[in-house]
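Since chain A is already given, all that's left is putting chain B on it; use the hints.
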Amino acid sequence: MESLLTFPKGGVHPPEAKELTADLPVEEMVVSAELEIILGQHIGAPCTPTVLLKDHVAEGAMIGEVVKGLGVPLHAPAAGTIKSFGMSAHPMRVSAPSITIKTDPDAFPRQYEKSDWQPLSAEELLKKVHGAGIVGVGGAGFPTHVKLNPPPNNPVDTLILNGAECEPYITADYRQMLEAGAEIVEGAKIILKILGIKKCLIGIENNKPEAIKRMTAAAAAAATTEYQISVQTLQVKYPQGSEKQLIQTLTGRKVPAFALPSAVGVVVHNVSTTKAIYDAIVLGKPLYEKIVTISGKGIKRPANLRVKVGTRISDIVDYLGGVTPELSKIIMGGPMMGFAVSSLDIPVTKTTSSILFLSEEEIDTSPHSQCIRCGWCLEACPMGLEPKEIAIHVEAGRPEGTGQFGVFECFECGCCAYVCPAKRPLVQFIRLAKMKAKH
Amino acid sequence: MLRGLWKVSVSPHVRSNESVEKIMWTVVACLVPPLVLSVFIFGIQTLIITVVSVISCVAVEAISQKCLGRKITVRDGSAVITGMLIAFVIPPGVNYLLPVLGAVMAIYIGKHLLGGIGYNIFNPALLARAFMVATFPVAMTSAWLPPLQDMAIFSYLGTPLDAITTATPLALIKEQGMAAFTAQYGAAPNFYTDFFLGWRPGCIGETSGLLIVLGGLYLLYRGYITWHIPVSVIGSVALLSWAFGGETLFSGDPILAVLSGGILLGAFFMANDYVTCPTNKKGQLIYGIGIGVLTVLIRLKGGYPEGICYAILLMNPVSSVFDNWFKPQRFAPPLPLQGGEK
Numbered sequence: 001m002e003s004l005l006t007f008p009k010g011g012v013h014p015p016e017a018k019e020l021t022a023d024l025p026v027e028e029m030v031v032s033a034e035l036e037i038i039l040g041q042h043i044g045a046p047c048t049p050t051v052l053l054k055d056h057v058a059e060g061a062m063i064g065e066v067v068k069g070l071g072v073p074l075h076a077p078a079a080g081t082i083k084s085f086g087m088s089a090h091p092m093r094v095s096a097p098s099i100t101i102k103t104d105p106d107a108f109p110r111q112y113e114k115s116d117w118q119p120l121s122a123e124e125l126l127k128k129v130h131g132a133g134i135v136g137v138g139g140a141g142f143p144t145h146v147k148l149n150p151p152p153n154n155p156v157d158t159l160i161l162n163g164a165e166c167e168p169y170i171t172a173d174y175r176q177m178l179e180a181g182a183e184i185v186e187g188a189k190i191i192l193k194i195l196g197i198k199k200c201l202i203g204i205e206n207n208k209p210e211a212i213k214r215m216t217a218a219a220a221a222a223a224t225t226e227y228q229i230s231v232q233t234l235q236v237k238y239p240q241g242s243e244k245q246l247i248q249t250l251t252g253r254k255v256p257a258f259a260l261p262s263a264v265g266v267v268v269h270n271v272s273t274t275k276a277i278y279d280a281i282v283l284g285k286p287l288y289e290k291i292v293t294i295s296g297k298g299i300k301r302p303a304n305l306r307v308k309v310g311t312r313i314s315d316i317v318d319y320l321g322g323v324t325p326e327l328s329k330i331i332m333g334g335p336m337m338g339f340a341v342s343s344l345d346i347p348v349t350k351t352t353s354s355i356l357f358l359s360e361e362e363i364d365t366s367p368h369s370q371c372i373r374c375g376w377c378l379e380a381c382p383m384g385l386e387p388k389e390i391a392i393h394v395e396a397g398r399p400e401g402t403g404q405f406g407v408f409e410c411f412e413c414g415c416c417a418y419v420c421p422a423k424r425p426l427v428q429f430i431r432l433a434k435m436k437a438k439h
Numbered sequence: 001m002l003r004g005l006w007k008v009s010v011s012p013h014v015r016s017n018e019s020v021e022k023i024m025w026t027v028v029a030c031l032v033p034p035l036v037l038s039v040f041i042f043g044i045q046t047l048i049i050t051v052v053s054v055i056s057c058v059a060v061e062a063i064s065q066k067c068l069g070r071k072i073t074v075r076d077g078s079a080v081i082t083g084m085l086i087a088f089v090i091p092p093g094v095n096y097l098l099p100v101l102g103a104v105m106a107i108y109i110g111k112h113l114l115g116g117i118g119y120n121i122f123n124p125a126l127l128a129r130a131f132m133v134a135t136f137p138v139a140m141t142s143a144w145l146p147p148l149q150d151m152a153i154f155s156y157l158g159t160p161l162d163a164i165t166t167a168t169p170l171a172l173i174k175e176q177g178m179a180a181f182t183a184q185y186g187a188a189p190n191f192y193t194d195f196f197l198g199w200r201p202g203c204i205g206e207t208s209g210l211l212i213v214l215g216g217l218y219l220l221y222r223g224y225i226t227w228h229i230p231v232s233v234i235g236s237v238a239l240l241s242w243a244f245g246g247e248t249l250f251s252g253d254p255i256l257a258v259l260s261g262g263i264l265l266g267a268f269f270m271a272n273d274y275v276t277c278p279t280n281k282k283g284q285l286i287y288g289i290g291i292g293v294l295t296v297l298i299r300l301k302g303g304y305p306e307g308i309c310y311a312i313l314l315m316n317p318v319s320s321v322f323d324n325w326f327k328p329q330r331f332a333p334p335l336p337l338q339g340g341e342k
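Sequence order for the protein chains is A and B. Per our numbering, the first sequence starts with residue 1, numbered consecutively. Per our numbering, the second sequence starts with residue 1, numbered consecutively.
These are computed hints drawn from the structure, not numbers from a lab. Incorrect hints may have been included.
[Said to hold, decoys possible] If we take Cβ atoms under 7 Å as the criterion, some of the chain B residues that face chain A in the derived model are:
| no. | residue |
| --- | --- |
| 1 | K7 |
| 2 | S9 |
| 3 | H13 |
| 4 | V14 |
| 5 | V20 |
| 6 | S236 |
| 7 | L239 |
| 8 | A243 |
| 9 | D253 |
| 10 | V275 |
| 11 | T279 |
| 12 | K282 |
| 13 | Q329 |
| 14 | A332 |
| 15 | P334 |
[To be verified] Partial list, derived from the structure: chain B residues whose beta carbon lies under 10 Å from chain A:
| no. | residue |
| --- | --- |
| 16 | V8 |
| 17 | I23 |
| 18 | G116 |
| 19 | G118 |
| 20 | D194 |
| 21 | G223 |
Where is the CB? At the ideal position from N, CA and C, for every residue including glycine.
Bound conformation, chain A alone:
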């Protein structure tokens, strides 16, 4: 048997649970009566509104822009009227400033037409990417135009498209690869042109054979001497889709702590972000919709939905026929790294990949006990950290001493807490250590 590519140390293999939604084609959700668009959709500065109360806005019109600092503009997800400026519920920050649009029920969806991007220069392409409000839609939400413009002292030679989708349940990228393979490859070519390089590797986990097939075909159809685009099959292992692990898997290079991938000559984009780049450049369509996987035994009808940014969870629940009595926990994001939410008023953002409605049997809320020093967390940590030591220090009231265990290199993948037989909330301890150690 051919040995599949993966990163050498750590990782876990949680039950995939993708079968709930893997075969469901992307479905267009009806536009909600109200959309709450959070002004800070990405890492960097939040937007400042460029519209006034009661303004009419068209679908795709700019409604906010970053005046100072790192950021991208914000666009109206649907035609409508600006209803209010206020605070929205937010999964990580409790609440965040937002714009509410009362959508126009009679508005016809805006149509976009293809245009040839080949004559455009790299600078023009980059400007369009920025103007379309594109951020990494995989989760972190790093403004894409910044990634596409690496510092000149770090020459980049490889583009990696992240199609690993290693989190259980989520199938949004999978459906995107099945349904828009050619567009993703076209998007990859645009990125290669912007970066001025030739080589693109598309990494997909082995549990998505259909996506591997389609993407390989799409890459072959687009093959030219100018660009080398190839699909690489990866072993199924969480967190395969973590940027550093993916780079190591595909190139053998290790991104040093606190450095960017460009430090080792690589730029990584999610496949869905690449599709958004295609939409922006070829169709001129800004980023204001997301494919979101709605899954778990707690929702009546699981689905892969194309939803407008700003759609509230409650509207999605209503659209899908409600929740089941088994519902125990609602998570925005995957079960390994996502955030449990306490309100259905939270709106979808550009970085929302999934909303999971999990039942009691799917989650584990058993109480934790003392560390028995089994060392399983050390084996599971892909970053080579010592979660148990960090946790013991935090429990003992010494969080400031945890820097020596590399607490700031932790990206909270959750492998340690996943394997811990004592069910210790190791990620929570590490978060506490980070917070305390900063002060």
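Only chain B this time, still in chain A's reference frame:
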């Protein structure tokens, strides 16, 4: 309405189905076959001793936790393991009250006064054994029983236990020499099989190498233990016994050294106790070798035929030192700061 009806907690939201309880009860299950064989070999009193020991450990654990104001966690099975291991390292002919004292030493002093599970420095069962050897030296070093050849399990019931004591193989070699040993057990390959199957005098749980190794292999298969400690302990004991155990260099009998005494039980069920062994694999290898070296040293140079109990107890507190020496390999360290000190 729906509001507030669901749970909120920090990621990850899914967990593996392993738990401390599952690990502990699996270890208990792995200790049952050697116990059953021991009942066949030495008679029903081994079972009584084990039951007394387990019940005392569980009771002492519950009472200690109650007195110290902690949550009572006897269901996790760790006290049951300690109880079984205490019984396993005492001779089958001792008074039934001895394991009760051992349980108090192991669980109250050795475990809960040091902070409870996860915080004990020494393996509780071995601490109990060391305590019992120090306080009841005669019972602990002479209450051996010869294996029953006729499987008359219940024949010893009601007979005065100390009437039929015998020496363990290691004590025989130590005190009377190799000639006395071969006079009793025959020549080389014969006693290997006897010892491997369990037909020899010894502590309750350490007689059958076969069943102990099978239990250990099952734990390996389940991923609850790794090969590092068993291999380094057994390997170093075998190597050093071969090199220094005979009249001249490299004339010792490594197989006899591994099969006699508690090497296998120690290597698979004591030395790799999670709490008291290093967590890093490299550290575990050095730790295991340390145990092997000390065992052979005590056996050959000490005044006591058996060495593994003290070897493990001596290495236990060094575990944290090994964890400090051998850190996991970091993914990639931060680059040196550019532009000097901040």
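These are the hints, each one checked on the structure:
no. : hint : in the structure
1   : K7   : holds (5 Å)
2   : S9   : holds (6 Å)
3   : H13  : holds (4 Å)
4   : V14  : holds (4 Å)
5   : V20  : holds (5 Å)
6   : S236 : violated (21 Å)
7   : L239 : violated (26 Å)
8   : A243 : violated (32 Å)
9   : D253 : violated (35 Å)
10  : V275 : holds (5 Å)
11  : T279 : holds (3 Å)
12  : K282 : violated (11 Å)
13  : Q329 : holds (5 Å)
14  : A332 : holds (4 Å)
15  : P334 : holds (4 Å)
16  : V8   : holds (4 Å)
17  : I23  : holds (6 Å)
18  : G116 : holds (6 Å)
19  : G118 : holds (4 Å)
20  : D194 : violated (36 Å)
21  : G223 : holds (9 Å)
Checked against the numbered hints listed earlier, the structure breaks hints 6, 7, 8, 9, 12 and 20; every other hint is satisfied.
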